[in-house]
Structure formats: C-alpha cells, structure tokens
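Q: First residue of the sequence shown: 3, per our numbering; consecutive thereafter.
Worth flagging that the hints you see were computed from the coordinates, not collected in a lab. Among the hints, a few may not be true.
Unchecked claim - DMTMM-like, lysine to aspartate or glutamate: derived pairs with alpha carbons at most 25 Å apart:
1. LYS75 with ASP91
2. LYS94 with GLU22
3. LYS16 with GLU6
4. LYS55 with GLU112
5. LYS103 with GLU73
6. LYS110 with ASP122
7. LYS110 with ASP91
8. LYS59 with GLU105
9. LYS94 with GLU73
10. LYS75 with GLU33
11. LYS40 with GLU63
12. LYS55 with GLU5
13. LYS40 with GLU26
14. LYS55 with GLU98
15. LYS75 with ASP122
16. LYS8 with GLU26
17. LYS96 with ASP69
18. LYS94 with GLU63
19. LYS102 with ASP69
20. LYS96 with ASP122
21. LYS8 with GLU98
22. LYS94 with GLU112
23. LYS59 with GLU22
Stated by the list, open to error - With beta-carbon atoms standing in for the labels, derived distance ranges:
24. SER47 with GLU22: 42 to 50 Å
25. ASN76 with GLY37: 15 to 23 Å
26. LYS8 with GLY34: 21 to 29 Å
27. PHE57 with SER17: 14 to 22 Å
28. GLY37 with ILE99: 28 to 36 Å
Cβ coordinates follow ideal geometry from the N, Cα and C atoms, glycine included.
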Amino acid sequence: MSEEFKIEIVNPEKSFLVQEDVSEVVVPAFEGEMGILKDHISIISFLKPGIIKIFSKSGNENYYVEDGIVEFKNNNLSILTSSIFNVADLDKSKQEILLKKAEEEASKTETSDQSKYLADQKVQVLRSIN
C-alpha cells in the first residue's frame, strides 16, 4: 500500500508545484513546525515565514515561504501563498535583497507586535539559509 499523497502549492501567478509522490511535508505553521504524513487528520492552518520541506521519491526539496494557508484533507495537501522561492534557486543576491527588506520591516518603530514578530521570523529564517 502506498504511503504517498499529493501536494499542490499555488501562488498568485500560477500553480507553483503539483507533485503526487510525496511521503512527508514539514510546514512552518504558527503553532510550530508541523509534519504531515499520509492519512493525517484534516487541518487548516496559517503559515509563518519559514522553510517548507518536501520529501518524495523524486527527491527532497526546500522552499522559503513568507506567509500562506495550508490545508490537508483526503490525502491532498494544498498550500496557498503569496511569496515562495525554491531554496536551491535562491541565489545570494536575491537572499540579501529579501533579508534587507525583512530587516527594514523589523526595525520600524511604528509597527504592530504581529508585524514585528513576522519580520523577525523572516530575518531569522533568511539568515539561516546557506
């Protein structure tokens, strides 16, 4: 019996990724990192800035995401996000641009606690990417 399920990541421009041989996905949910395997209970959660880790027969991939919604139902994982980048394709200059923007957001004095938290998360994650 197969232990695989389907993932679809969608951003405003297009269907970013569709893959059907996924064995595990780890998402950066607001509740903490959440691992999803086949037959996981149905969930809906918000994403915070972090790395989505996808494990599959065709290879493992990591994606940097800034926000979004994740839903798992009937062995289909859907992720809707406005900003996603494949970590392998994220060159140093693009990473530095994203980091500078996040640091500017984090240093604003006239910002809500939630905005400050999200900006700090972006800075932390972007600094951790090699």
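Q: For LYS75 and ASP122, compute the direct alpha-carbon distance and say whether it is at most 25 Å.
A: Answer violated: LYS75 to ASP122 is near 31 Å, above 25 Å.
Q: Need the status of pair LYS16, GLU6: alpha-carbon distance at most 25 Å?
A: 24 Å, holds
Q: For the pair supplied as a hint, LYS8 and GLU98, is the alpha-carbon distance within the 25 Å limit?
A: Violated, at roughly 33 Å.
Q: Holds or violated: are the alpha carbons of LYS96 and ASP69 at most 25 Å from each other?
A: Distance of about 18 Å is within 25 Å: holds.
Q: Next pair to validate is LYS94 with GLU112; report whether the Cα-Cα distance is within 25 Å.
A: 30 Å, violated
Q: Compare the distance between the alpha carbons of LYS94 and GLU73 with 25 Å, and conclude whether the hinted pair is satisfied.
A: 31 Å, violated
Q: CA of LYS40 to CA of GLU63, is that 25 Å or under?
A: Between LYS40 and GLU63 the Cα gap is close to 18 Å, so the pair holds against 25 Å.
Q: With the threshold set at 25 Å, check whether the alpha-carbon distance from LYS94 to GLU22 stays at or below it.
A: 31 Å, violated
Q: Taking the beta carbons of GLY37 and ILE99, is their distance inside 28 to 36 Å?
A: 31 Å, holds
Q: Quick one, are LYS59 and GLU22 close enough, alpha carbons at most 25 Å?
A: 10 Å, holds
Q: Does GLU33 sit within 25 Å of LYS75, going by the straight-line distance between their CA atoms?
A: 18 Å, holds
Q: In this structure, is the beta-carbon distance linking LYS8 and GLY34 contained in 21 to 29 Å?
A: 24 Å, holds
Hint compliance for this structure: hints 1, 2, 4, 5, 7, 8, 9, 15, 21, 22 and 24 are not met, and every other hint is.
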